[in-house]
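**Q** Starting from the structure of chain A, add chain B where the hints point.
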Amino acid sequence: MNVDIKSENGYAVATLNGEIDHHNAKEIREEIDRFIIANQPRELAMDFSNISFMDSSGIGLIMGRYKLISECGGRLVVKNPRQYIKRVLKISGIERIVRIVNDRL
Amino acid sequence: MEVINEVKFIMPSLSVNESTARAVVSSFLIQADPSVEELSDIRTAVSEAVTNAVVHGYRNSKGVIEMTVRLLKGREIYIKIRDRGCGIENVEKAMEPLFTTAPEEERSGLGFSIMQSFTDSLRVRSESGKGTTVIMRKKLKNHE
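Same order as they appear, the protein sequences are chains A and B.
70 is the number that my numbering gives to position 70 of the first sequence; each next residue is one higher, with no gaps.
118 is the number that my numbering gives to position 118 of the second sequence; each next residue is one higher, with no gaps.
The shape of chain A in the complex, shown without the other chains (with noise of 0.2 Å):
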């Protein structure tokens, strides 16, 4: 499975594994909007601890997340990306419409 979701008091955080492009992204969109749909968290935090690639396909899935929670009144937060990740992340200027955290050394 790419996507581990858990969730507590409106709180979810959804671990994505292994490498994030084109072909592998639609199974994590789909998995995370369905939760984020039927659960309509508070705060949805995308775990990138365990992604070990990511191109421009991973700022098309963020994105779209931020969109969809944003619609449904919660926040997305971008927890754990890698240096070289952050880098992608950087291209894009995500980071200044979702908050980019780091709670692992």
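It should be emphasised that the hints constitute simulated quantities derived from the structure, not laboratory data.
Just so we're clear, the structure is a prediction, and the values are computed from it rather than from any experiment.
Each residue gets a CB set at the ideal place from its N, CA and C atoms; glycine is no exception.
Some clues are possibly wrong.
Stated by the list, open to error - Pairs of lysine-lysine, DSSO-like flavour, derived with a Cα cap of 27 Å:
1) B:LYS141 to A:LYS86
2) B:LYS8 to B:LYS139
3) A:LYS90 to B:LYS141
4) A:LYS86 to B:LYS139
5) A:LYS90 to B:LYS93
6) B:LYS93 to A:LYS67
7) A:LYS6 to A:LYS67
8) B:LYS139 to A:LYS90
Unchecked claim - If we take Cβ atoms under 8 Å as the criterion, some of the chain B residues that face chain A in the derived model are:
9) VAL16
10) GLU37
11) ARG43
12) GLY111
13) ILE114
**A** Chain B in isolation, oriented as in the chain A frame:
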């Protein structure tokens, strides 16, 4: 340009081959002993170019994607990715950051921006109805 080694890889335009192309280029580059960052940059740029061919070049059809990777004298990497799909009508426009013709598929329009940022040079040749060729070059640093 003096070619030290070269690999040519031909694949059908299936999205699963985005990762196959990354694996091929990674394996080929081992001989040049790139840094982790250089390898990530090249893998990402290749992924973007192959994805463009799958998503845009062969949008309404299936076809073949050809990838050529060369190790040149002076630790320079040359990568050519070619499709014979629908081509790009306006290359300049397509290269603008955030421009996409596939927003419904959540394409961010950053593919060319990433290819440009992660390599030293990017050249795109395209002809409507005939296909697109992307050529990227990146010089690897010398490290002891």
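**Q** Next, verify each hint and record whether it holds.
**A** Here is what the structure says about each hint:
1. Restraint check for LYS141 of chain B and LYS86 of chain A: satisfied, since their Cα atoms lie roughly 22 Å apart, inside the 27 Å limit.
2. Distance hint between LYS8 of chain B and LYS139 of chain B is fulfilled; the C-alpha atoms sit about 20 Å from each other, no more than 27 Å.
3. Taking the CA atoms of LYS90 of chain A and LYS141 of chain B, the gap is about 23 Å. The hint holds against a cut of 27 Å.
4. Of the pairs offered as hints, the one joining LYS86 of chain A and LYS139 of chain B holds, with about 22 Å between alpha carbons and a cut-off of 27 Å not exceeded.
5. Annotation: proposed proximity of LYS90 of chain A to LYS93 of chain B holds, straight-line Cα distance about 22 Å (limit 27 Å).
6. Distance hint between LYS93 of chain B and LYS67 of chain A is fulfilled; the C-alpha atoms sit about 25 Å from each other, no more than 27 Å.
7. A C-alpha spacing of about 21 Å is found between LYS6 of chain A and LYS67 of chain A, which places the hinted pair at or below 27 Å, so the restraint holds.
8. A hinted pair counts as satisfied when its Cα atoms are at most 27 Å apart, and LYS139 of chain B with LYS90 of chain A qualifies at roughly 22 Å.
9. About 5 Å separates the beta-carbon of VAL16 of chain B from the nearest beta-carbon of chain A, less than 8 Å, and the hint is met.
10. Here the hint on GLU37 of chain B is kept, as its CB sits about 7 Å from the closest CB of chain A, short of 8 Å.
11. Interface hint status for ARG43 of chain B: upheld, as the beta-carbon distance to the closest one in chain A is roughly 7 Å, under 8 Å.
12. For GLY111 of chain B, the shortest C-beta to C-beta distance to chain A is roughly 5 Å, which falls under 8 Å, so the interface hint holds.
13. With 8 Å as the threshold, the beta carbon of ILE114 of chain B comes within range of chain A, its nearest partner Cβ sitting at about 5 Å, so the hint holds.
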